[in-house]
Structure formats: C-alpha cells, structure tokens
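Student: The listed protein sequences derive, respectively, from chains G and Y.
The first sequence begins at 13 in this note's numbering and counts up one residue at a time.
The second sequence begins at 297 in this note's numbering and counts up one residue at a time.
Hints in this document: simulated from the structure, not taken from any laboratory.
Backbone N, C-alpha and C define an ideal beta-carbon position, used for all residues, glycine too.
Keep in mind that a hint or two might mislead.
To be verified - Going by beta-carbon spacing under 7 Å, a handful of chain G positions derived as facing chain Y: (1) N77; (2) K78; (3) F84; (4) Y85; (5) Q86; (6) D90; (7) T178; (8) S181; (9) Y437.
What the hints assert, rightly or not - Residues of chain G placed beyond 10 Å of chain Y at every Cβ, according to the derived structure: (10) V57; (11) K189; (12) I310; (13) R326; (14) S499.
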Amino acid sequence: MPHHNHYRKNYWLIIIFAVLASLLFITALGFAKKYARKIVENEFVGKKIDVLDKNIESYNDLFFNKIPEVSFYQGYLDSNSALIYADSILRKYDFVKRILFFDAYVSNTAGGLAISPRVVYQFNRDCPKSHIIYKAGSGTKMDIRIADDFNSMAARLSGFIDIADTSRSVNNDEINKFFYAVIPEKITYMNIPRKEDIKAYKQFVEGSVDNNSVYEQDILSYYIDPQALKLQNNHPELYEKIEIKPLFYTSLDTDPDLLTAESPLPGALASYKIYFSANRNFLTNEANRRFMPLALMISMGYLVLFIIGYLIYRNISFNNKMFKLQYDFVNNLTHEFKTPVSVIKIAGNNIRSAKELKDDTRQLYGKILDEEADKLNNLLNTLLSFTQIENKSIKLAYEKVNLDEFCRKLISTYQLKFPDFDLQYELKEVSTLYTDPVLLGSVFQNLIDNAYKYSEEGSKSLKITIFRQKKQIMFKFVDKGIGIPKSELINIFKKFYRVKSQYNQQGSVGLGLAFCKELLNFMEGDIQVKSTVGKGSTFIVTLPYAH
Amino acid sequence: MRILTPIVLVFFLLSFCACNDFARREEIPIESFFMKSPKSNFQISPSGNYIAFLQSYNGTQNLYLTTWDNAEPKRITTETDKNIANYFWADDDELVFWKERSKDDNLSIYAVNRTSLSVRNLITPEPMRFRWVSQQVNNDELLISLNKRDSSVFDVYRLNLHNCHLKIVARNPGNISNWVADPDGKVRLAIASDGVNETLLYREDEEHAFRRVFENNFKTTVKPLRFLEGRTNHIYALSNIDRDKLALVIIDLDKGEEIKTVYMHPESDIEDIRFSSVAKGLAYAEYDTWKPEKYYFNKRIKDVHEDLRRRLNGYWMRVVDKNEAETRFIIRTYADDDPGAVYLYSINDDRLTKLADVNPALNGRKLCKMDSIRYNARDGMPISGYLTLPNRLRKQGLPLIVIPHNGPSARNVWEYNSEVQFLANRGYAVFQPNYRGSTGYGKAFWSAGFGEWGGKIQEDIADGVRYLIDKKIADPKRIGIYGYSFGGFCALYGACFHQDLYKCAASYSGITNLFTYLKEIPPYYKPYLQMYYEIIGNPEKQADYFRAVSPVFHTDKIKGPIFIAQGGKDERGNVNETNQMVRDLKGKNINITYFLKEKEGHFFKDEQARLAFYQQLEAFFAANLGGN
C-alpha cells in the first residue's frame with residue numbers, strides 16, 4: 013500500500029523534528045540562564061552610578077539650586093534674612109552641619125580694591141539663633157580657619173575681576189571657577205555681582221575713579237558632613253548593603269563569595285565613597301528571578317511552535333483522508349457504472365449472437381436493458397442534483413402535500429419492488445404539509461433504500477412515524493438492520509463516506525446520507541441518527557411545520 | 297432605522313455646533329495682528345507741502361517722501377543695517393533722524409536733505425544716550441541733552457545744524473532730571489531731583505543762574521508744559537499739588553506759586569494739552585475716562601473736530617502733525633476694534649483724504665469690542681478695567697486671559713490693542729485691570745500701589761478675576777494670566793501664589809527677582825533710587841519681603857504649565873536668573889515652555905522673533921485653556 017510508505021516517512025520526520033526542537037529548547041534555556049547571570053553581574057557594577065545619582069540628588073540640589081539662591085539677594089542678605097535662608101538649608105539638608113555667613117563689603121581704598129568682612133555669623137543645626145563670631149572693629153581676632161574661608165574667596169574675587177568681561181553676562185564656567193570654592197567637607201560661595209558692580213570693582217582695581225560707594229558681597233560657607241548623608245538603596249535586588257565609607261577604606265572580609273563595588277562621592281563629599289556589597293548567593297537568587305520570565309517566554313514560544321506544527325499535521329492528515337474518500341468514490345462510481353454497463357453489454361452480446369429471438373427472451377432482455385438504463389439514469393440524476401444542491405442552484409417547489417397519500421404511493425412502489433420488505437407508516441395528528449414533494453421523496457427513498465440495504469435477510473423492516481413537535485414535523489424511520497457502530501456515527505453524513513461492511517460491497521456511492529443532509533439543510537430541516545449495532549438504527553428527520 | 301441614524305447624527309451635529317458657537321468666527325492669521333504697518337510715522341513739513349513717513353526698504357525702515365498732492369512716494373534714505381527709529385522736520389528741506397541701536401552702540405544723529413538726499417552725521421559718534429529738549433529749530437540750532445560728559449547725568453547742548461557744533465548750554469550738577477526750553481529755544485526751566493523730592497528751577501534768561509521755584513515730593517507731580525505767550529515768567533503745567541488729579545494750571549515762576557486752575561476733570565488726570573500757535577492759545581486738553589476724551593478751549597477747533605468725527609464714523613481721532621500755518625493736518629483715527637487709518641485734512645478747502653490704513657491686513661475683519669468694567673477689591677477700593685469678549689453667541693463660561701499692564705505706573709486705555717484683539721480672536725475673553733498703582737486715576741490711587749508690588753496690586757488682579765467668575769463670564773477652570781515686564785512679574789506671582797485661580801501663566805520678560813530689578817537700575821536712573829525704594833521697597837531693610845514676593849525664590853510653589861519668554865540681552869531682568877528658574881522647574885518636571893531669544897532685549901524688536909513668540913503663546917494657551 014502506498015499509504016504505508018507515507019506514514020512511515022512522516023513518523024521519522026516527526027521524531028527528528030521533536031528531538032531537534034527539544035534540543036534547541038534546552039539550549040535556549042541554557043543560554044537564557046547564562047544571560048541572566050551575566051546581566052546581574054554587569055548590573056552589580058553598572059547600577060552603582062544609579063544609586064550614586066539617587067543619593068547625591070539632595071547634594072546636587074543644594075549645590076546647583078539652593079546655594080546660587082544667595083545671588084538672588086544681590087548682596088542684600090542681612091543677619092535676619094540669612095537666618096531664614098540658613099534655617100531652610102539646615103532643615104532640608106541633614107548633611108549640612110553649620111553655615112558661616114560673611115557679610116562683607118567691597119570698597120575703594122588707597123591701595124585699590126578692598127574686601128573685608130563686616131560681621132561673620134554662624135548658624136548651627138541645633139540652635140535656632142545666629143552667633144556672631146566676628147565683628148569688625150570689636151577688637152576680637154578672626155579665627156584662622158574662618159579667615160581662611162574668607163581669604164580664599166577674596167582671592168577668587170580679585171582673580172575674577174582681573175579677567176571679567178563686562179560686555180556680557182557672567183558665564184557658567186566663570187561662576188564655577190570663581191564663585192564656588194569646594195574642598196572636602198566644605199563649600200564656600202559668594203554672590204555673583206551685577207555687571208555694574210563688576211565695572212565699579214574693575215575701576216577700584218585700576219584706581220581710576222573717585223568712587224566712595226561701598227558694595228556688599230555675601231559669602232557663605234557650608235560645612236558638610238558626608239556621613240550624615242542619608243543613603244537610599246534604590247536597587248535592593250542588587251546590593252545587599254550600601255554604606256558610606258572613607259575614601260581609602262577597604263574591607264578585610266576574605267569571604268570569596270562577597271562581591272563589592274564602590275563609587276567615590278563628588279564635590280564636598282569627596283573624602284568618602286559609597287561602598288556596595290552583596291553575597292554571591294544573593295546575586296544568584298536575583299539571576300534566577302530574572303531567568304524565570306525568560307524561561308516562561310521561551311516555553312511559550314515553543315508551545316506556540318508545537319501547536320502550529322500540530323495544526324499543520326492535522327490539516328495534512330485531513331486532506332489525506334479527503335483524498336482517500338475521493339479515490340474510493342471514483343472506485344465505487346466506476347463499479348456502480350460498470351455493473352449496469354456490463355449487464356447491458358452481455359444482453360447486447362446475447363441478442364446479437366442469438367440466431368433467433370424468442371418472444372419471452374426478447375422481453376427478458378428488453379426488461380433487463382430498461383432496468384439497467386433506469387439504474388444509470390438514477391445514478392446520474394442523484395449525482396447531478398447533489399451538485400446542484402451543494403451549489404444551491406435548484407429552487408424549492410413548495411406545494412401542499414397530503415402526507416397519507418404521499419406515503420401510501422411511495423410504500424406501494426417499494427412493496428412491488430421488494431416483496432420481502434416489511435414497510436409500515438403511521439401518521440399522528442398530521443395530514444398535510446407544505447413542502448417540496450420531490451425533494452422530500454428523495455429523502456424518503458434514500459432512507460428506505462438504506463434500511464433495506466443494511467438489513468439482514470428476513471428482518472428487513474422499516475417503520476415510519478410522522479408526528480408534530482411544537483413548530484416542527486418529525487419523520488422517524490426505525491429499522492431492524494445491522495446498525496452503525498458508534499465510532500462511525502459522526503461520519504455517515506459526510507460525502508463519499510461508507511461504513512465498511514459486507515452489505516455495501518455490491519456498490520453504493522456513499523452519497524445517500526450526505527445527499528439527504530444537504531437536502532434537509534436546504535429545506536431548513538435536519539437529520540439525526542441513533543443506532544445500536546445488531547439491533548437497528550433510527551433516523552429522525554426534522555422539518556419546519558408549515559401547512 | 298437606516299434612515300434614522302443619519303437624521304439623529306445630523307441633529308446631534310447641529311446641536312453641537314449650536315452649543316459651541318453659532319456666530320461665524322474667522323481665525324485671523326497672527327501676522328495680520330503683529331506685522332508692522334507698512335507705512336508709519338507720517339509727519340508734515342513746516343510749509344505743509346511735503347509729507348514724510350517711514351517704510352521698509354529691503355527689510356529696514358527708511359524715510360520716504362510724498363507731497364501734499366499725493367505724488368508718487370520716493371525714498372530719501374538708504375539705510376540697510378539698522379531701522380530708522382524716528383525723525384522730525386528741521387525745516388522744509390531737511391529732516392533729522394536717528395536709528396535703533398543697542399545699549400553699547402555709538403550714538404549717531406543724522407540729517408538728510410529732501411532734494412539732494414545727502415546724509416550727514418550731526419554729532420561725533422560716542423556711546424551715549426540722548427533726549428531732545430526741543431526739536432524746534434532756533435537760529436539753526438536744536439536743543440539736546442546728552443550724557444556725554446558723565447554717563448550718569450544729562451547736560452543740555454545746542455546742536456548747530458549747519459556746522460554741527462555742540463555747545464554746552466547747561467551743565468548738570470548731577471541732580472537735574474529734566475530740562476525745558478521756552479518757545480525761543482532758551483533753556484529756562486529745569487527739574488532737579490534727589491530721588492524723593494523734586495525742585496523746579498527757573499531762570500529769566502540763559503545768562504542768569506537757575507533759582508529754586510518750589511519743591512515737591514515725587515508723590516506729587518508738577519509737569520511744566522510750555523511758557524505762556526508773551527509772559528516770560530508764566531508757564532502752563534500739569535499739577536496735582538493740593539489736589540488728587542492732575543489739572544492744567546498756570547504757575548507764576550517768580551512768585552513760585554500756582555495762580556490759576558485752567559481745567560480739571562473730577563475723575564481723571566489730564567494727560568496732555570494741545571496748543572495752537574496760530575490762535576495763540578490753548579486748543580484742547582486730552583484725558584482718558586473709560587475712553588479718550590478732549591476738552592476744547594477753542595470753539596472753532598471744537599467745531600472742526602466734531603465735524604470730522606462725524607465724517608469718520610465716530611472713530612476717535614488724534615491730530616498727529618500739522619503745518620506751521622495750521623491749515624494742513626495729519627489725522628490718525630482708531631477704535632477699539634479697528635486699528636484705523638491716517639488721513640490728510642486741509643481746513644481751507646475742507647478736504648479729507650485717506651493716506652493709508654494703519655494695518656491693511658485687518659481691513660474688513662470683525663474684531664472685538666472693549667468694555668469698561670468696575671469692581672471693588674477686597675478692601676473696598678474701586679478698580680476699573682477693560683473686558684474684551686470674543687465674538688461669540690455665548691458670553692458666559694469663557695476661557696479668560698488676564699493681562700496686567702506693565703508699569704505699574706501706567707494704565708490701560710480704550711484703544712486698538714493688537715495683543716488683546718489677537719487673543720479675543722482666538723476665543724478668549726481678555727481682562728485688563730487698572731490695579732491700584734496705575735496712573736491716570738489721581739495720585740491717591742497711584743500711590744496706593746507703593747510697596748504693594750507683591751501685595752495689594754496682586755490682590756486687585758485676583759479680585760477682578762474672582763469678580764468675572766462670580767459674574768459667570770469666566771470659566772473658573774480655564775483662566776490664564778499673561779503679562780510683559782511688570783505684567784510678567786504678576787503672571788509669575790500668580791503662578792506661585794494663586795495656582796487655585798490660574799490654570800497657566802505666561803511671562804514675557806517678566807521680573808523674576810525684585811533684588812535684581814533694583815540692582816539693575818541703570819546709572820542714569822540713580823537719582824531715582826530713593827524713589828524706587830519707596831515705590832518698590834528697600835532691599836536692605838525689607839529683604840524678607842523681597843524674598844517673599846520674588847518668584848525666583850518660589851519655584852517650588854509653581855505647579856501648573858508655565859511659559860517664559862526672555863531676551864538674552866535683557867538689561868532689566870537677568871538671563872542667568874531666568875535660566876536658573878527654568879532649570880529648576882524643568883528638574884521638577886513642571887510643564888514649562890522656555891522661549892529664549894539670545895539677541896533680543898527686554899522688548900523683542902525683531903518682527904520674526906515677535907511673531908514666533910506670539911505663535912508659541914497661542915499654542916501654549918490653546919493647549920492649556922482649550923481656546924479656539
């Protein structure tokens with residue numbers, strides 16, 4: 013059988029496919045796992061920038077937004093407003109320990125430009141008041157460390173005046189260079205003078221004008237405690253622990269499974285760094301956690317692949333079955349046509365070879381030829397109308413049918429044809445139906461023919477009951493035939509399908525029931541079947557009841 | 297069912313349109329509102345035979361000339377880099393003009409001959425500023441004040457038109473803020489100011505020294521206008537000494553007192569007077585109530601004006617220029633909803649001819665009417681303002697834009713205002729409050745704004761908005777505030793402290809920091825510093841108040857969408873501070889549109905920059921107030 017070869021080939025293909033697919037699947041999972049581990053390792057190193065950025069946000073806010081606010085006062089900052097300002101800083105930024113405020117003035121002296129502090133205030137975190145720690149002319153000397161702050165700023169100012177270009181506004185580069193002094197744990201800032209002030213300062217330096225105005229400059233020193241920076245771990249999945257450590261700190265922990273990373277803090281925080289640590293197991297867990305969705309995705313992909321594969325396989329086998337059915341159909345049809353044709357051929361030969369034709373012989377042949385021609389005709393008609401119905405190209409010819417008369421006529425023909433067929437009918441509370449009698453006749457014929465064909469000799473019987481159920485009319489055909497196995501029940505209405513048994517070997521096309529179903533569908537009806545092997549089958553035809 | 301669906305659909309569509317707007321509203325392109333007039337600044341020659349005007353030539357404003365009989369205009373200057381800012385007729389043959397320049401450019405003043413078209417520079421270029429003391433030529437000389445000697449003070453010079461000699465007439469001891477010349481071109485009046493107190497100085501002739509007439513605080517105004525004909529020691533002046541409103545008075549300079557009140561209006565300050573040299577007397581006084589008005593001293597002029605206004609469909613008219621004989625006039629007309637036109641009028645043959653439309657792009661376009669409104673601020677102070685409603689059927693629940701005027705020592709008046717008309721055309725109601733501190737309503741109202749920049753002035757604006765919400769005119773969810781300079785300060789202030797009221801705010805060169813504002817006062821304003829301290833506040837003594845009301849310190853309070861336009865060369869504001877503010881807001885993820893024009897100053901002079909600004913402003917309000 014050629015089919016066998018086909019199946020064997022597919023079988024191996026499927027096995028190879030399954031093996032390869034599984035191999036690929038396993039490899040993909042392996043890669044995914046490796047990838048997840050790699051990513052976690054990379055992130056452990058890479059995301060520290062993220063954590064650093066997050067944790068120096070408040071420092072940057074102080075540095076870039078709050079400190080330049082001093083300039084907004086244009087030198088008008090006094091002890092009162094400085095207290096409010098300092099208080100807002102100390103309250104907002106925990107890492108600012110204290111603030112010094114130098115209320116300084118710039119004036120013209122014989123030696124050129126002079127900048128000197130008038131009063132120095134100190135604002136402490138825990139004290140709501142300002143302390144005057146130096147006052148010009150009070151006789152006290154300024155603490156050397158404090159004086160240092162002031163001097164560095166004064167030096168910067170003179171450096172700035174030296175290069176200042178009054179035709180444009182002060183640019184960011186100059187601001188950074190001359191108005192900020194950043195050393196570890198301290199930021200000193202001086203307000204940026206306005207263009208007119210800078211012009212005046214330049215003139216002071218050159219000693220060119222006689223201007224005895226006094227210009228105010230505000231200098232503020234912020235003392236920073238990096239250890240007070242509140243750390244926030246925004247990647248707790250990567251870092252088990254983050255700490256602030258002195259810049260030169262190294263861990264003495266020798267555990268090989270302890271992974272560490274560090275990033276130095278910027279600006280005034282620069283003497284410290286953020287120190288990150290995590291145990292290897294901790295990271296492995298994280299890698300596994302990341303692997304899960306990947307594995308799920310790969311599995312989903314493979315599932316989809318298998319489903320598509322199965323669907324393709326199913327379609328191919330369905331098409332195979334269809335091919336087989338058509339093949340059988342052609343076989344049967346040939347056979348069906350062959351019998352009458354050979355009978356006709358034999359009759360023809362006989363007639364031709366007979367020397368003389370007796371009267372009863374002639375009649376016999378005539379009858380045979382007539383019958384066989386009828387058979388062929390029927391066969392062709394069925395084929396034709398089936399095609400027509402499938403294409404919906406026939407029209408229903410509805411008329412009022414007297415059911416009793418309709419059944420009687422049909423049955424009497426069958427009784428003539430098959431004297432051994434016990435055919436009965438019964439009408440319950442129905443007499444007429446509005447339908448197409450020809451099509452209904454076809455359904456009856458097919459079902460009666462089947463009942464006869466698929467019954468053992470001696471138990472060929474059929475009982476037709478016609479009754480109403482609500483808005484429908486039911487035709488029940490009960491036979492005592494060989495019955496249909498359960499497994500075949502769903503197939504019997506398919507085109508070209510025949511239940512394999514000894515009864516249909518003499519030939520039937522396998523169109524009958526499919527034809528009935530098509531017809532009934534066309535007439536908005538239905539057909540159903542119940543059957544027990546060896547006991548008989550019951551076909552129930554349903555049609556809309558119209559009269 | 298099939299037929300029903302479209303019917304229902306059409307019905308809904310129609311009712312939607314009806315709710316939305318039934319009055320046909322055409323959207324006029326932005327350019328039509330803000331393009332410069334093609335021809336502007338018409339001036340008539342002393343003889344009345346020639347008319348000069350400014351017109352763009354290859355993108356630069358140049359001087360053009362036509363005749364009274366409307367001959368084909370011809371260009372008489374060829375400036376290619378800087379626009380001609382202004383000019384005047386020196387005599388019938390020569391025009392004096394000067395160009396736009398930035399702060400540090402050298403000053404040049406030119407004269408151009410009408411026939412030979414030769415242009416000459418009248419002064420040696422130097423980086424200084426100037427003011428005309430008199431544009432009237434006497435003995436070929438003009439009077440000009442220059443800060444040539446010292447950048448912080450202005451001396452008066454005689455500028456000879458022929459040999460370009462610059463001769464000092466009066467040296468400024470440092471405190472003179474203004475000089476006045478008599479009709480013969482003699483500098484005989486000066487106003488000295490120490491910032492708080494003003495002293496009127498007078499001399500009989502230029503040989504004598506100035507002597508003190510009287511002193512007054514800057515809170516009262518004495519504005520010398522002109523000497524009386526034939527009386528060397530009497531002047532007309534606008535004064536509000538011992539009264540609330542500026543009145544037209546005559547002052548006897550020898551006695552040092554006011555001898556006659558010529559005219560006063562019970563509600564408004566007198567803005568200006570017009571004089572007729574031919575009739576040798578006052579022509580009329582100009583002032584603004586809710587709309588501009590004139591009080592005539594001359595019956596004949598009154599009749600002529602009234603007749604003209606009838607012929608001009610009731611449009612308001614101003615005499616722009618006239619010839620020496622006062623027989624030929626250039627007249628400018630306008631209305632709130634029409635930028636108007638320029639006419640020539642000849643009194644001898646009673647002929648009125650149109651010279652040009654001020655804004656031809658708006659001809660025949662339907663603009664919006666400006667209505668006066670009055671409300672009481674929370675402390676009972678009556679406040680006036682203007683409300684311009686869009687041309688819509690529905691006059692309620694409108695999106696509203698508040699435009700506080702610049703100043704605050706200024707006021708909104710009834711006039712054609714392109715900004716207001718532009719926004720009204722886009723479907724917004726526009727509210728222009730004359731908050732306390734505005735001028736024109738008398739000195740009590742003006743001085744009520746002192747020290748209230750971040751106080752009652754802001755309350756007055758907010759109270760006006762609440763009044764419009766109560767009247768159901770404004771949709772409380774769709775109110776924006778927009779302003780220029782001080783108005784921009786109000787907008788930023790609103791964004792910081794009145795977020796409940798304003799959905800969004802737009803500031804055009806707005807003041808962000810009062811400390812800086814005071815610090816940036818140019819050196820030639822220095823005498824006024826004490827006055828500024830009184831008007832705004834003293835930063836040394838009131839640092840807390842300055843901090844409390846300066847928007848730059850309060851970016852953390854800004855929530856809503858904000859639009860900031862800033863010129864990179866703005867000498868009043870500070871670009872660095874605005875940048876700092878913008879950076880700060882951006883960092884806080886506030887919806888901010890920053891429109892920075894590096895080359896522009898406090899006011900955007902470049903037409904393209906202005907158009908781009910208004911386009912952005914339109915988009916900003918459309919996105920946040922859902923206008924249109």
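Student: Now tell me if each hint is right for this structure.
Tutor: These are the hints, each one checked on the structure:
{"no.": "1", "hint": "N77", "in the structure": "holds, 6 Å"}
{"no.": "2", "hint": "K78", "in the structure": "violated, 10 Å"}
{"no.": "3", "hint": "F84", "in the structure": "holds, 5 Å"}
{"no.": "4", "hint": "Y85", "in the structure": "holds, 5 Å"}
{"no.": "5", "hint": "Q86", "in the structure": "holds, 4 Å"}
{"no.": "6", "hint": "D90", "in the structure": "holds, 6 Å"}
{"no.": "7", "hint": "T178", "in the structure": "violated, 10 Å"}
{"no.": "8", "hint": "S181", "in the structure": "holds, 6 Å"}
{"no.": "9", "hint": "Y437", "in the structure": "violated, 48 Å"}
{"no.": "10", "hint": "V57", "in the structure": "holds, 28 Å"}
{"no.": "11", "hint": "K189", "in the structure": "holds, 15 Å"}
{"no.": "12", "hint": "I310", "in the structure": "holds, 38 Å"}
{"no.": "13", "hint": "R326", "in the structure": "holds, 43 Å"}
{"no.": "14", "hint": "S499", "in the structure": "holds, 50 Å"}
Figure legend: structure checked against the earlier numbered hints; hints not met, in rising order: 2, 7, 9.
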